[in-house]
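As a plain string of letters, each chain reads:
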Amino acid sequence: MSYQVNRKGYYGEFGGAFIPEMMHPNIEELQEKYMEVINSYNFRQDFIALLKHYVGRPSPLYYARRMSEKYQSHIFLKREDLNHTGSHKINNTIGQILLAKALGKTRIIAETGAGQHGVATATVCALMDMKCIVYMGALDVQRQAPNVKKMRMLGAEVIAAESGNKTLKDATNEAMRDWINNPEDTHYIIGSVVGPHPYPDMVARFQSVISEEIKWQLDEQLGRELPTRVIACVGGGSNAAGAFYHFLDSEAVELIGVEAAGKGIETKETAATLTLGKPGVLHSSRSFVMQTNDGQIIEPYSISAGLDYPGIGPMHANLHATKRAKYLWATDDEVLEAALELTQLEGIIPALESAHALAALKKLSLKPEDVNVISLSGRGDKDMETYLNHFGY
Amino acid sequence: MKNRINQLFHDKKENILSVYFTAGYPQLDDTVTIIEQLVANGVDLIEIGMPFSDPVADGPVIQQSSLVALKNGMCIARLFEQLKGIREKVNIPLILMGYLNPVLQYGVEAFCQKCAEVGIDGLILPDLPLEEYHDSYREIFARHNLHNILLITPQTSEKRLHEIDEASHGFIYMVSSSSTTGVKSSVADFHLDYFERINQLKLQNPRLIGFGISNKETFDNACQYAQGAIIGSAFVKALGDNGSLDEKISKFVNQLVKGV
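As you go down the protein sequences, you meet chains Y and U in turn.
Mapping to full-length UniProt numbering: the first sequence position 53 is 53, numbers consecutive.
Mapping to full-length UniProt numbering: the second sequence position 133 is 133, numbers consecutive.
Among the hints, erroneous ones may be present.
Label pairs and their computed distance ranges (CB to CB) [unchecked claim]: (1) U:Lys159 <-> Y:Lys52: 40 to 46 Å; (2) Y:Arg152 <-> U:Val39: 48 to 54 Å; (3) U:Leu192 <-> Y:Ala126: 35 to 41 Å; (4) U:Gly243 <-> Y:Thr292: 28 to 34 Å; (5) U:Ala167 <-> Y:Lys363: 34 to 40 Å.
In silico BS3-like cross-links for lysine-lysine, where the CA-CA straight-line distance does not exceed 30 Å [unchecked claim]: (6) Y:Lys166 <-> U:Lys71; (7) Y:Lys131 <-> U:Lys184; (8) Y:Lys105 <-> U:Lys184; (9) U:Lys248 <-> U:Lys89; (10) U:Lys184 <-> Y:Lys166; (11) U:Lys159 <-> Y:Lys33; (12) U:Lys202 <-> U:Lys184; (13) U:Lys159 <-> U:Lys184; (14) Y:Lys362 <-> Y:Lys326; (15) U:Lys13 <-> U:Lys251; (16) Y:Lys101 <-> U:Lys159; (17) Y:Lys105 <-> U:Lys237; (18) Y:Lys52 <-> Y:Lys101; (19) U:Lys89 <-> U:Lys184; (20) U:Lys71 <-> Y:Lys278; (21) U:Lys159 <-> U:Lys202; (22) Y:Lys263 <-> Y:Lys363; (23) Y:Lys8 <-> U:Lys159; (24) U:Lys13 <-> U:Lys202; (25) U:Lys184 <-> Y:Lys101; (26) U:Lys237 <-> Y:Lys166; (27) Y:Lys268 <-> U:Lys71; (28) U:Lys202 <-> U:Lys71; (29) U:Lys71 <-> Y:Lys263.
Everything labelled a hint here was simulated from the structure, so no lab data went into it.
From the three backbone atoms N, C-alpha and C, an ideal C-beta is built for every residue, glycine too.
Isolated chain U (complex conformation) (with noise of 0.2 Å):
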């Protein structure tokens, strides 16, 4: 079976547009809502944050909206009451996005096992390192045809991005620079040097660059060094904002990519 996400790459080779939100807020049941305006304004691929107490990997606005999530009733059995049957309403590669707590107490075997009835196509754990993921993981996730997504950083060694990259089958998440997210927000927080050191080793996988990603110049901008990159924080705050998700996330969308 294809997973969405390699059919993505496959058809679509310049400015993917990957958004993030966090599961459970600004209202518990904002979910699907969510999802299908961000596929109804063009968005290619989203990551849905499953919130988790203490998110060491995210900046304020992300562990803020995780509390608010929580407050809200969210846990990880609620979001697979939500996503069912969101197969029926979308056709883009949807991906988990959380802390791996959570997931163990839900049961490893058991979470894959609900990612795949509701139509996950891959997950990003970032407190799951390579190591523990071959030992551990790997089998599991490949047996639900579940992609698992990792980092690198200006700081990831050549040995280590080569083997990030085997390990590696749907993209690599390329963090712009080594911080937690939507801490830094400029262009002039970006390591150019890394994106083309990058760029030259000729990974096999496609790239998508995340962190620090917050308008359209720093998503234009990205976008010259790799497929695509990611908005989290700077979305989430948005959301954050007064008004209808509707109008919220269409006037999101619309500034990122026509900068209006």
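Just chain Y, same shape as in the assembly (with noise of 0.2 Å):
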């Protein structure tokens, strides 16, 4: 079974391009053009020195000695948060403004939850000189303030999202009607593996080198490139796609998500879209979506602005559906308590994201001969407000 997209989009019956007439052009083009652009040896030399001098990478596959001695198993680290940046989203921004700039285009737009990936590619568009116009929700750019100033003297230009509920769902539907008012200059870097095809697809190969350097760093330091099991953290799923990636084939290793269930799956305070959605299309793809029984979307919450989206890539509603991915779910509670452990065991602040894919270590069966990896997609910098309100240091 191939867990890849197909040559229509789709990863078995999820995927796709449900997209306005109006958006068909530039999603044709990048349908038709991308493969050939991210493959051509000119794309490959810029890019892969990017990530490497620019970004940082390889980033490190850290042994955490005091986590792995608490929880008698072996764990693993995949540093994404030392990464430039701060988090995971700059492999991707990188490979964008490169294809971007491949086809001619002069203007950026994106959207972003937590900042995280707005920065990323506000970063990119200093680097490379092009206009940038990042999509927030109202109520994110008064909750991110440090990540909305970072954008700004980068150079791009926020624009608050003021339908909806003014979050990510939000600034989504904004960058897309933006993308139909402007059809001839503008490139849309979509943050994570969702959105019409080939995004999910195009997101996953650019993210796909967290789970390449994961098997050589395992080589290298076990003599094994395969571990046990993979954890990441799950909102549109652009981080752990890149932790499944090199690993969807060898189905011995277990490949594990982890939802933000917020206040708790029973609450309506919630973003766990597999454990409670149900198939639909949102953002132009078909997967599972939170909803009402007529269709409506459902707001999500987390504590975790960056998982608050109540979709999901469509290759997860595939990995779920051929259970060939398991998804989990952390409350808010968790994942607190999950951050302060690893930040007072192992001396690392983690984004409250990533202390989603740390939670799940209570909610597993480890033996002690099992190598964990698990994929720290981001720091807690843009978090620590959260942390100190509630930890009250």
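Got two chains here, separate frames each, mind docking them using the hints?
Shown next, in the form of structure tokens:
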């Protein structure tokens, strides 16, 4: 069985490109050209060089000794938090800005929730001298003020999305509307493995560097390429897609995604899409969606603004449906506890998103001989206020 | 069985006026009254909007009306309840317009069945692209005598224009300039070269121009290049004004047609 996208842009029954006709020329251009561009010699050269010299890759695969002792199982952390701009998001924005340049685009738009993808986009736009407009829910603009300032300092225009609940979903709607209104000079840098084909596949390919490195780094440290399991958090799912990518066909490797349960899956304040959603179409692809019986999209909630999204990438919907990957959830409280634990055991303050993956350790039956790789998708700087409010330091 | 859309374009060749409104706005139960008033004022075709929480192809006016309609309690099941018996009152073509997800949740087959029962003639689902329509929907729509109305834009390639023409059986919805609804609204935004280019293609389907048609000037201008035009945001905005529905609707249509 293949877990990759097919020619029509589907992962099993999920994916596709449910786009209004106004977006057709741009999406068709991407569908026709993305593979050719990203496989070209020039693109590969530039992409690899920037990841190495600008982003700081490879990111370390760190053996967490005290965590391993505590959980009586081998735990490695893939340190995406050490990338330039503080998360894995930059892997994708570097790829897409090079693609946008190759396609002759001069104006970049993006959506952002917590601001990590917005900052990563504003960063590469500064680097490549491109005009940058970032849509951010009006509520998130208030909640994530430091990232808004960073984006502005980097030269981006931040536009507050005033529609709906004024969070990530609404920012995405506004970015799509911008693209419809600017059909010729603009490239939309989607931040996750969501949206119409070819975005889910394209973003997964740019993020696949994570699992590519895990393989040789494990080989270097343990003399084996395959871990027992890989654990990553899932909102849209770009970090998990990158961490799973090169292990998809190695069925012996257990793949664990962790969704944000917010205040609990029995409450209305949650973002656990695979646990609670049903198949539907949101933001141009068919996947699991949190929705009412009437097909209206439900506003999600999570303490982590980066996982606060009512959909999930179609690749994950398919991995879930085929049972190739297993999806757990973690509540806000479990996540805060896991973040503090990592901080005090290893001296690493994780992002709230990444702490979801850490919280899964308590939910799995780990054996002493197991090799667990946890993708630490981002650092906790942006979440200090939440941590300080909660822990009272 | 003849479809009312084809009958309309057979009987009337120019200045066809199509009006969109969001079902459930301004009040939940205004649907039938709005349809009757539009017909009484001489409108040729009506597009009934099924509100959706995330209407990405729409500008602020229709977004806002959708939000209010959903808060009022509008949903597809309720809309079908309201439309029961509408064919005893009006005979012009009625089209349902909305996004795919609510239709999927209702069930495509059940949805089309209900459309046929209440007397709907066509569907406009902006996020159902041509390819998906061909693969999974065409046969179901056809079985219930529902025309799928497809959109074209200034950026649509000539090859695709012909594919869309081939797949269309009612009319083609010609988007005046690439935009979301209700954003651009002056004749200056029209791409006249695009209008003329499409005219010269001799497509087999008639066309209505929509997006950016807001007053007599833009309506008349659009009608020079197609069989008629579609008004959406401007009408929805007028429905939000103070006054009775009867007054608002007759005033709006009269201003549009007569300029007074």
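Comparing the hints with the structure gives:
Between Lys159 (chain U) and Lys52 (chain Y), the C-beta spacing of about 42 Å keeps the proposed range 40 to 46 Å intact. Judged by the Cβ atoms, the range 48 to 54 Å given for Arg152 (chain Y) and Val39 (chain U) holds: they are separated by roughly 52 Å. Take Leu192 (chain U) and Ala126 (chain Y): their Cβ atoms lie about 39 Å apart, and the range 35 to 41 Å holds. In this structure the hint that Gly243 (chain U) and Thr292 (chain Y) lie 28 to 34 Å apart at CB holds, the actual value being about 33 Å.
One distance hint, 34 to 40 Å for the beta-carbon pair Ala167 (chain U) and Lys363 (chain Y), is violated here, with the actual separation near 50 Å. In summary, the hint linking Lys166 (chain Y) to Lys71 (chain U) is supported, as the alpha carbons are separated by about 17 Å, within the 30 Å threshold. Distance check on the hinted pair: Lys131 (chain Y) and Lys184 (chain U) sit about 23 Å apart at the alpha-carbon level, within 30 Å; holds. Among the hinted pairs, Lys105 (chain Y) with Lys184 (chain U) is consistent with the structure: their alpha-carbon atoms are about 23 Å apart, no more than 30 Å.
Pair hint Lys248 (chain U) plus Lys89 (chain U) holds up; C-alpha atoms about 21 Å apart against a cutoff of 30 Å. Of the pairs offered as hints, the one joining Lys184 (chain U) and Lys166 (chain Y) holds, with about 24 Å between alpha carbons and a cut-off of 30 Å not exceeded. Proposed proximity of Lys159 (chain U) and Lys33 (chain Y) is supported: the alpha carbons are some 19 Å apart, at most 30 Å. Distance check on the hinted pair: Lys202 (chain U) and Lys184 (chain U) sit about 27 Å apart at the alpha-carbon level, within 30 Å; holds.
A distance of roughly 27 Å separates the Cα atoms of Lys159 (chain U) and Lys184 (chain U); the hinted pair therefore holds under the 30 Å criterion. Between Lys362 (chain Y) and Lys326 (chain Y), the direct Cα distance comes to roughly 15 Å. Compliance with the 30 Å bound is thereby established for this hinted pair. A distance of roughly 25 Å separates the Cα atoms of Lys13 (chain U) and Lys251 (chain U); the hinted pair therefore holds under the 30 Å criterion. Pair hint Lys101 (chain Y) plus Lys159 (chain U) holds up; C-alpha atoms about 27 Å apart against a cutoff of 30 Å.
About 35 Å separates the Cα atoms of Lys105 (chain Y) and Lys237 (chain U), which puts this hinted pair outside 30 Å; it is violated. Between the alpha carbons of Lys52 (chain Y) and Lys101 (chain Y) the distance comes to roughly 20 Å, so the proposed pair stays at or under 30 Å and holds. Taking the CA atoms of Lys89 (chain U) and Lys184 (chain U), the gap is near 35 Å; set against the 30 Å cutoff, the hint is violated. A hinted pair counts as satisfied when its Cα atoms are at most 30 Å apart, and Lys71 (chain U) with Lys278 (chain Y) qualifies at roughly 22 Å.
Straight-line distance between C-alpha atoms of Lys159 (chain U) and Lys202 (chain U) comes to about 14 Å, which keeps the hinted pair within the 30 Å bound. Restraint check for Lys263 (chain Y) and Lys363 (chain Y): the C-alpha separation of about 17 Å stays at or below 30 Å, so the hint holds. Restraint check: the Cα-Cα separation between Lys8 (chain Y) and Lys159 (chain U) comes to about 19 Å, which is no more than 30 Å; the hinted pair holds. Distance hint between Lys13 (chain U) and Lys202 (chain U) is fulfilled; the C-alpha atoms sit about 15 Å from each other, no more than 30 Å.
For the hint pairing Lys184 (chain U) with Lys101 (chain Y), the CA-to-CA distance comes to about 29 Å; that is within 30 Å, so the pair holds. Taking the CA atoms of Lys237 (chain U) and Lys166 (chain Y), the gap is about 22 Å. The hint holds against a cut of 30 Å. A C-alpha spacing of about 18 Å is found between Lys268 (chain Y) and Lys71 (chain U), which places the hinted pair at or below 30 Å, so the restraint holds. The suggested pairing of Lys202 (chain U) with Lys71 (chain U) is violated, with an alpha-carbon distance near 45 Å, which exceeds 30 Å.
The hinted pair formed by Lys71 (chain U) and Lys263 (chain Y) meets the criterion: a straight-line CA distance of about 25 Å does not exceed 30 Å.
Hint compliance for this structure: hints 5, 17, 19, 28 are not met, and every other hint is.
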